[in-house]
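Protein sequence lines, in the order shown, are assigned to chains U and Z. First residue of the first sequence: 1, per my numbering; consecutive thereafter. First residue of the second sequence: 1, per my numbering; consecutive thereafter.
By construction, these hints were calculated from the structure, which means they are not laboratory data. It is possible that part of the hints are untrue.
Remember, identical chains collapse to one label, so a pair may be satisfied in a single copy or spanning two.
20 Å max Cα-Cα, derived EDC-like pairs, lysine to aspartate or glutamate [unchecked claim]:
hint : residue 1 : residue 2
1    : K49       : D77
2    : K131      : D220
3    : K219      : E76
4    : K219      : D77
5    : K179      : E300
6    : K7        : D99
7    : K49       : D99
8    : K131      : D257
9    : K11       : D77
10   : K179      : D226
11   : K69       : D229
12   : K69       : E270
13   : K70       : E58
14   : K11       : E58
15   : K131      : D13
16   : K7        : E76
17   : K251      : D77
18   : K179      : D13
19   : K43       : D13
20   : K295      : D77
21   : K146      : E215
22   : K131      : D39
23   : K146      : D50
24   : K7        : D77
There are 2 protein chains.
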Amino acid sequence: MAVHIGKQSVKFDLCAVVTATASTVGTKEGEGPLKEYFDVVLKDNLAGKDSWEKAESEIARQNISLAIKKAGLKNEDVDYIITGDLLNQCCGSTFGIRDMGIPYFGVFGACSTMGEAMALGALLVDGGGAKRVVAAASSHFCSAEKQFRFPLELGTQRPQTATWTVTGDGAAVLERKGKGPKITGITTGKIVDMGITDGNNMGAAMAPAAADLIERHLKDFGVAPDYYDVIATGDLGYVGRSLVCEMLEQKGITLGDRYIDCGIEIFDRETQDTHSGGSGCACSAVTFAGMLYSKLKSGEINRLLFIPTGALMSPTSLGQGESIAGIAHGVVIENVR
Amino acid sequence: MAVHIGKQSVKFDLCAVVTATASTVGTKEGEGPLKEYFDVVLKDNLAGKDSWEKAESEIARQNISLAIKKAGLKNEDVDYIITGDLLNQCCGSTFGIRDMGIPYFGVFGACSTMGEAMALGALLVDGGGAKRVVAAASSHFCSAEKQFRFPLELGTQRPQTATWTVTGDGAAVLERKGKGPKITGITTGKIVDMGITDGNNMGAAMAPAAADLIERHLKDFGVAPDYYDVIATGDLGYVGRSLVCEMLEQKGITLGDRYIDCGIEIFDRETQDTHSGGSGCACSAVTFAGMLYSKLKSGEINRLLFIPTGALMSPTSLGQGESIAGIAHGVVIENVR
């Protein structure tokens with residue numbers, strides 16, 4: 001039975017095993033530093049469909065199916081799919097998994113969705129409610145730009161604080177039994193809003209939530225940052241990462257080189273011109289399903305604190321003068337017996 | 001420990017107790033047949049704010065706070081809030097609970113959200129991940145019409161198959177210990193899409209998912225419809241309810257008078273002119289938090305199968321020719337020792 005510890009955390013007893021992952025990405029991500037780790041790199045970002053939204057659903061469909069296949073399972077073996085995305089009413093996910101016939105919990109955590117999905121999946125497996133769960137998240141640069149910012153055809157100039165929404169889907173299969181690294185704990189985020197209203201500076205909007213979560217996590221579990229081989233936030237980019245370091249330094253917490261951000265890892269700063277880095281639900285999802293999971297399997301990483309980060313807003317809320325609320329969800333994945 | 005039974009269900013061991021509920025509704029709902037059961041009837045559907053979206057957030061804020069208070073708790077006693085709504089990027093919920101400082105799992109199940117939130121909440125409490133969870137859902141007639149259909153000012157005529165989005169928020173406090181009816185099981189829905197593309201006929205779009213869920217639930221739990229005092233779907237309205245009865249009759253399942261639909265209960269057909277009935281996340285949420293919970297407490301109902309129903313779509317998906325996918329989540333609430 002899981003134990004609720006500290007203020008925001010759960011320590012698992014029957015830790016869910018991450019038995020397989022799958023990652024499918026767009027063309028730009030397939031040219032970046034993590035390319036060797038992805039299962040599928042699309043040749044066409046429309047994935048053979050006639051709209052960006054349908055493309056995102058198709059990517060989700062193909063990638064979740066691939067994750068199930070890689071785990072040696074069939075659709076009927078999976079008790080739940082927990083997934084979400086950035087599109088209005090989470091349509092990327094809905095239409096992606098529509099024909100799978102698998103019970104579905106839709107989640108919305110903006111770009112923190114992969115963390116939320118993995119946390120809930122681990123809670124279900126540990127609690128006996130499920131033997132096997134697929135946790136996933138998707139985003140698409142073109143559907144996100146169209147929905148949150150401007151039509152691509154406008155060629156709008158992006159400021160240096162802006163991040164680039166990752167095209168792709170990352171999925172993880174969580175099982176009660178099997179081989180692989182295990183989810184040993186979670187720390188669930190509360191909303192932190194420091195009043196940022198610039199939709200082109202999501203890193204700054206999310207950084208306070210990430211810093212708050214890391215501080216809380218270390219207290220709840222009674223560990224220092226050096227317990228972890230890697231601490232990886234979701235999509236803060238260069239701007240957000242430096243803010244997290246600064247805020248935690250003020251509280252006497254030094255993360256050091258073990259702290260990486262998936263948005264910084266996924267694109268090359270010099271050659272790929274994404275400004276502050278990558279973002280979107282898929283940013284942390286594909287980086288986990290690709291590079292981080294691969295290094296956990298090989299033993300290069302044995303203890304990972306994975307913290308997808310989300311900016312809670314809509315074009316309507318921004319237009320009505322609301323600030324951008326941040327959230328972060330922490331998931332501990334370890335190689336344990 | 002929970003036990004996964006049949007294909008889509010979980011039977012609980014440490015059943016979460018629904019120790020308190022709160023319901024806040026708009027003016028029209030406050031004039032309907034269920035008015036005596038609601039905690040708060042707004043005098044002003046703007047709730048003192050300057051936009052419908054901000055009003056929805058304010059209603060969510062006030063109602064969730066009221067539920068926590070009615071359970072005799074403070075914010076810091078609550079381990080998680082699980083909530084969602086219909087607005088793009090679930091902003092109704094986000095900005096409603098922003099300042100509460102409670103760990104937050106955002107969910108999206110369209111109008112089935114209350115069922116999803118209660119199911120996940122019960123899984124968390126049973127599994128040891130939480131002692132106390134608030135499950136909630138909100139919707140607002142005006143923000144929903146504006147976002148999904150037409151500006152209210154246009155005075156668009158609504159067809160007879162259309163339903164009326166309920167304004168309000170329903171919240172339930174689920175605890176490991178305490179007095180009240182208990183969540184003894186859940187059946188989680190898969191997406192069922194029969195190809196309906198009429199955004200003004202949500203009842204027909206959701207009915208196949210509801211019928212599928214009921215059939216599955218009865219098989220998984222090995223019970224007949226008469227095990228329950230009341231079987232309540234979320235917001236199918238007159239059109240959807242009759243379709244569910246018809247589809248189940250064809251499979252030899254007769255639900256009879258014990259089968260009600262929250263969308264039919266909440267408005268008066270003769271005097272309130274809502275056409276096919278009520279809908280929206282709040283429709284099932286406030287009907288449960290109000291009338292159904294009250295009757296469970298008094299013993300007028302001892303066994304309830306509560307099935308919020310959702311139509312998974314967005315104006316974009318409809319515009320691109322996608323059909324409306326349906327989902328339904330079943331929650332069993334019983335008076336047991």
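We went through each hint and held it up to the structure:
1. With identical chains, the CA atoms of K49 and D77 are never at most 20 Å apart, being 29 Å at best within one copy and 48 Å at best between copies.
2. Taking the shortest alpha-carbon separations for K131 and D220, only the inter-copy value of 16 Å comes in at or below 20 Å, while the best intra-copy value is 27 Å.
3. Taking CA atoms no more than 20 Å apart as the test, K219 paired with E76 passes between copies only; the shortest distance there is 17 Å, against 40 Å inside one copy.
4. Within a single copy, K219 and D77 get their C-alpha atoms only as close as 38 Å, which misses the 20 Å cut-off; across copies the closest is 18 Å, which meets it.
5. Taking the closest pair of Cα atoms, K179 and E300 come within 20 Å of each other only inside a single copy of the chain (17 Å); across copies the shortest separation is 50 Å, beyond that limit.
6. Taking identical chains as interchangeable, the C-alpha atoms of K7 and D99 lie at most 20 Å apart only when they sit on different chains, with a minimum of 16 Å there against 39 Å within one chain.
7. When the C-alpha separation of K49 and D99 is checked against a cutoff of 20 Å, the pair qualifies only within one copy, where the shortest distance is 17 Å, while the shortest distance between copies is 41 Å.
8. For the identical chains of this complex, K131 and D257 are neighbours neither inside a copy (36 Å) nor across copies (37 Å), given an alpha-carbon limit of 20 Å.
9. Taking the shortest Cα distances, K11 and D77 sit within 20 Å of each other only across copies (18 Å), while inside one copy they are farther apart (26 Å).
10. Taking CA atoms no more than 20 Å apart as the test, K179 paired with D226 passes in neither setting, with 26 Å inside one copy and 45 Å between copies.
11. For the identical chains of this complex, K69 and D229 are neighbours neither inside a copy (30 Å) nor across copies (43 Å), given an alpha-carbon limit of 20 Å.
12. Taking the closest pair of Cα atoms, K69 and E270 never come within 20 Å of each other, the shortest separation being 37 Å inside a single copy and 54 Å across copies.
13. Proximity of K70 to E58 under the C-alpha cut-off of 20 Å is restricted to the intra-copy arrangement: shortest distance 18 Å within a copy versus 45 Å between copies.
14. Proximity of K11 and E58 under a CA criterion of 20 Å is satisfied in neither setting, with 35 Å inside one chain copy and 34 Å between copies.
15. In this homomeric assembly, K131 and D13 come within 20 Å of each other (Cα to Cα) both inside a single copy, at 14 Å, and across copies, at 16 Å.
16. Proximity of K7 and E76 under a CA criterion of 20 Å is satisfied inter-copy only: 9 Å between copies versus 37 Å inside one chain copy.
17. Taking identical chains as interchangeable, the C-alpha atoms of K251 and D77 are never at most 20 Å apart, the minima being 46 Å within one chain and 26 Å between chains.
18. Only within a single protomer do K179 and D13 lie at most 20 Å apart by alpha-carbon distance; the minimum there is 16 Å, versus 28 Å between protomers.
19. Neither within a single protomer nor between protomers do K43 and D13 lie at most 20 Å apart by alpha-carbon distance, with minima of 43 Å and 49 Å respectively.
20. In this assembly of identical chains, the alpha carbons of K295 and D77 never lie at most 20 Å apart, being 27 Å within a copy and 38 Å across copies at closest.
21. With identical chains, the CA atoms of K146 and E215 are never at most 20 Å apart, being 36 Å at best within one copy and 41 Å at best between copies.
22. For the homomeric pair K131 and D39, neither the shortest alpha-carbon distance inside one copy (25 Å) nor that between copies (40 Å) is at most 20 Å.
23. In this assembly of identical chains, the alpha carbons of K146 and D50 lie at most 20 Å apart only when taken from the same copy (15 Å versus 27 Å across copies).
24. Taking the shortest Cα distances, K7 and D77 sit within 20 Å of each other only across copies (10 Å), while inside one copy they are farther apart (35 Å).
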